[in-house]
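> As numbered in UniProt numbering, residues 1 to 411 make up the sequence shown, in order.
None of these hints come from the bench; they were simulated from the model.
All C-beta atoms in this analysis are idealised placements derived from N, C-alpha and C, irrespective of residue type, glycine included.
Some hints here could point you the wrong way.
[To be verified] Pair by pair, the computed Cβ-Cβ distance ranges are: (1) 104 x 294: 29 to 37 Å; (2) 285 x 114: 20 to 28 Å; (3) 283 x 128: 36 to 44 Å; (4) 281 x 106: 28 to 36 Å.
[Said to hold, decoys possible] List of simulated lysine to aspartate or glutamate pairs, EDC-like, C-alpha gap at most 16 Å: (5) 142 x 102; (6) 62 x 110; (7) 62 x 102; (8) 66 x 130; (9) 142 x 130; (10) 154 x 70; (11) 154 x 277.
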Amino acid sequence: ALNDQTAALSHQTAVSPKLHDEERGIKACYFRGSGLGSTFIDYLFHGITGHDIRELCIEVYKYIVKNYNEDYELWMFGLSRGAYTVRCVAGMINNCGIIKYERDNHQIDDATIDDLCNEVYRIYRSPNKDDKPLSEEMQVFKARASHTTATPIKFMGLLDTVGSLGLPRFEGGVGLDYPEFYDLVVSSIVEHVYHACAIHDRLWAFRPSYAARDQDSKFEIHEQWFPGCHYDIGRQHFRFFPQSLARFATFQGEIKPNLVIADLVLKWMLESIRTRDPDHHVIPDINNRIVEIDTRMTSGKTDVGDGDIYDKVLDHGPFGTIHTAINMAWSNTTSLLNNFLPALGTRLQRLGLNTITDALTERRDRRIPSSRAVLILNDYMVGGRTIGDLAAITETRYPSRTVQRFKQYME
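Taking the hints into account, I'd like the entire structure generated from these sequences.
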């Protein structure tokens with residue numbers, strides 16, 4: 001599983017935790033995505049730049065290469081950019097297969113494996129037609145170097161895949177826009193795809209990457225829309241600034257997720273796993289976990305978090321204070337530069353601070369692109385109460401008009 005941040009993993013965890021259960025025949029590894037244990041500002045910045053996607057893809061692919069054999073099924077999970085990294089790794093496998101770690105009864109040395117995994121990523125990114133999955137070149141490479149399993153990935157669980165990569169660019173008539181990730185199509189090497197998307201998120205830097213199949217694929221994608229924001233879906237809890245600064249009043253403040261929504265999504269994902277693993281091999285106590293989630297959701301004691309914070313993040317608490325100070329500093333610099341060359345300072349200000357601020361906080365309602373979309377709305381019942389009531393989903397707390405626009409489109 002690969003995540004951008006989770007409350008389930010200690011902030012002090014320094015390495016990727018692994019589970020190797022020989023009795024059950026299971027090997028698992030959690031890969032730390034950027035933002036783990038960090039601040040909300042880091043969360044925004046890393047989401048916009050996507051600077052470490054390459055390293056994460058190679059790290060995950062390398063773990064699979066070193067641990068895979070043809071008796072295994074791959075079950076992959078990811079949140080946010082971690083979800084897209086999982087999808088990219090699936091693309092690497094589709095392109096080049098899973099490289100054999102042993103050849104002629106000998107393990108390949110680590111340096112060679114590193115080089116091969118880096119090359120697989122370069123091939124996956126390459127626009128060259130000879131590097132495409134169905135090219136003769138790739139077919140020969142896979143027959144020579146890779147395992148022959150046709151569908152090695154049994155299950156892919158995705159939580160609100162986001163689709164921005166790289167710094168924003170300006171588009172005429174649009175404003176700030178972002179380059180797409182490398183891969184939107186989930187290949188036929190993945191059997192089951194379950195994707196949870198956030199209805200109410202409005203941060204443009206984290207617009208969703210919808211999962212799609214090739215037209216001739218025999219496998220489906222189960223994509224479901226849930227109430228709440230991106231950080232609600234992922235149970236992500238943030239401070240504005242590092243813990244070391246929290247003792248100063250200016251730097252206090254935090255963002256809390258809606259745990260009712262987080263539990264609703266988790267329950268759906270566990271139920272999806274149970275459907276594809278009826279013998280409960282992957283999670284032996286899965287039934288008990290689902291019951292615990294139901295009990296917690298309907299208890300009336302679960303924290304419903306801060307709701308949509310995007311309109312408040314620059315105006316309230318420590319972030320607003322710092323933003324005001326930055327604006328004042330920029331204004332002084334602008335005035336000084338304008339004394340030497342009229343309008344120079346003003347133009348630099350617009351290009352500098354305003355661009356950064358817009359890139360981090362630009363808000364647009366999401367769009368649900370398919371008339372066949374499955375939506376969990378406020379009137380969805382959980383234990384005799386609506387999810388709107390349990391999770392305190394109101395227009396004040398969640399101002400997005402995505403659902404209203406979808407309904408208008410459907411009328």
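> None of the hints should be skipped; say for each whether it holds.
Status of each hint after checking the structure:
| no. | hint | result |
| --- | --- | --- |
| 1 | 104 x 294: 29 to 37 Å | violated (53 Å) |
| 2 | 285 x 114: 20 to 28 Å | violated (38 Å) |
| 3 | 283 x 128: 36 to 44 Å | holds (42 Å) |
| 4 | 281 x 106: 28 to 36 Å | holds (32 Å) |
| 5 | 142 x 102 | holds (14 Å) |
| 6 | 62 x 110 | holds (10 Å) |
| 7 | 62 x 102 | holds (13 Å) |
| 8 | 66 x 130 | violated (26 Å) |
| 9 | 142 x 130 | holds (13 Å) |
| 10 | 154 x 70 | holds (12 Å) |
| 11 | 154 x 277 | holds (10 Å) |
Taken one by one, the earlier hints fail for this structure at numbers 1, 2 and 8, listed in ascending order.
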